[in-house]
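Student: Sequence:
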Amino acid sequence: MSEPLDAQPLGAFLDALASNAPAPGGGSVAALAGAMAAGLVSMVCALTVGKKQFAAIEDEVRSAHARSEALRQEFQRLAAQDIEVFGRLSAAYKLPRTTEADAATRQAAIQQVTRQATEVPLRIAQAAASLLPLCTALAPKVSRLVVSDIGVAAVLARAAVQSAILNIEINLSGLEDQLFVRETRAQVEDLTIGLSEETEGIIAIVRSRISQ
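So the sequence shown is numbered by the working numbering: it starts at 1 and just counts up by one.
These aren't lab readings, by the way, just hints derived from the structure by calculation.
It is possible that part of the hints are untrue.
[As the list claims (entries may be wrong)] What follows is a list of derived Cβ distance ranges for each label pair:
1) Q212 with K94: 54 to 60 angstroms
2) L10 with E100: 46 to 52 angstroms
3) D6 with S143: 27 to 33 angstroms
4) L166 with R77: 18 to 24 angstroms
5) T99 with E176: 16 to 22 angstroms
6) T99 with E69: 26 to 32 angstroms
7) A204 with E58: 36 to 42 angstroms
8) P140 with R185: 31 to 37 angstroms
9) A21 with Q116: 15 to 21 angstroms
10) D59 with K94: 49 to 55 angstroms
11) A56 with Q107: 55 to 61 angstroms
12) E176 with A101: 34 to 40 angstroms
Since this is a predicted model, take the numbers as computed values, not measurements.
C-beta atoms are modelled at their ideal positions from N, C-alpha and C, and glycine is treated no differently.
Let's have the full structure, built from the sequences with the hints guiding it.
Tutor: Structure follows, in structure tokens:
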């Protein structure tokens, strides 16, 4: 897929995803789930700004809109980075290991790129988690007609966090730098604390407003 990820038609991306090519894979899908979540938050904000009945929350919604748009762009960059890093990792595994020196060079390259392949989904998970407070703030205040979109955004954001964590874990399992492994696992643990409760709280607000 030589065309930039964000320039590809959706069908082309899905065809590549369903093919026997190893990339795009779970990491880029996690990022795109986050991008869709951010897009829904942006849509709700765009439909709210400028409406007289929501004048009291105009500044808050504009701020949320700016944040969700920044996150949407970040997710798109991270989706492309995930594919790029996987390509580098595949290349590292193909390096020669005929001599001891070759094998050492190959192993060092694999370790270096595997660390990078861990850092990308960590950033995806962090970005996705940061969408949930926006959903929490907006769910009780925006129009009831679009509140379900906030619920979908929250579910997608949680899925993006959880999906990215799986990609982190598979890469950590191959790393020799145990300090980095411990530090990363601590960051992952911080991300998961309260994640489900926060998401379920948003969904509860959404459902209560739907049933009004």
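Student: Indicate, hint by hint, whether the structure satisfies it.
Tutor: Hint check:
{"no.": "1", "hint": "Q212 with K94: 54 to 60 angstroms", "verdict": "holds (59 angstroms)"}
{"no.": "2", "hint": "L10 with E100: 46 to 52 angstroms", "verdict": "holds (48 angstroms)"}
{"no.": "3", "hint": "D6 with S143: 27 to 33 angstroms", "verdict": "holds (29 angstroms)"}
{"no.": "4", "hint": "L166 with R77: 18 to 24 angstroms", "verdict": "holds (21 angstroms)"}
{"no.": "5", "hint": "T99 with E176: 16 to 22 angstroms", "verdict": "holds (21 angstroms)"}
{"no.": "6", "hint": "T99 with E69: 26 to 32 angstroms", "verdict": "violated (51 angstroms)"}
{"no.": "7", "hint": "A204 with E58: 36 to 42 angstroms", "verdict": "violated (26 angstroms)"}
{"no.": "8", "hint": "P140 with R185: 31 to 37 angstroms", "verdict": "holds (35 angstroms)"}
{"no.": "9", "hint": "A21 with Q116: 15 to 21 angstroms", "verdict": "holds (20 angstroms)"}
{"no.": "10", "hint": "D59 with K94: 49 to 55 angstroms", "verdict": "holds (53 angstroms)"}
{"no.": "11", "hint": "A56 with Q107: 55 to 61 angstroms", "verdict": "holds (60 angstroms)"}
{"no.": "12", "hint": "E176 with A101: 34 to 40 angstroms", "verdict": "violated (18 angstroms)"}
Figure legend: structure checked against the earlier numbered hints; hints not met, in rising order: 6, 7, 12.
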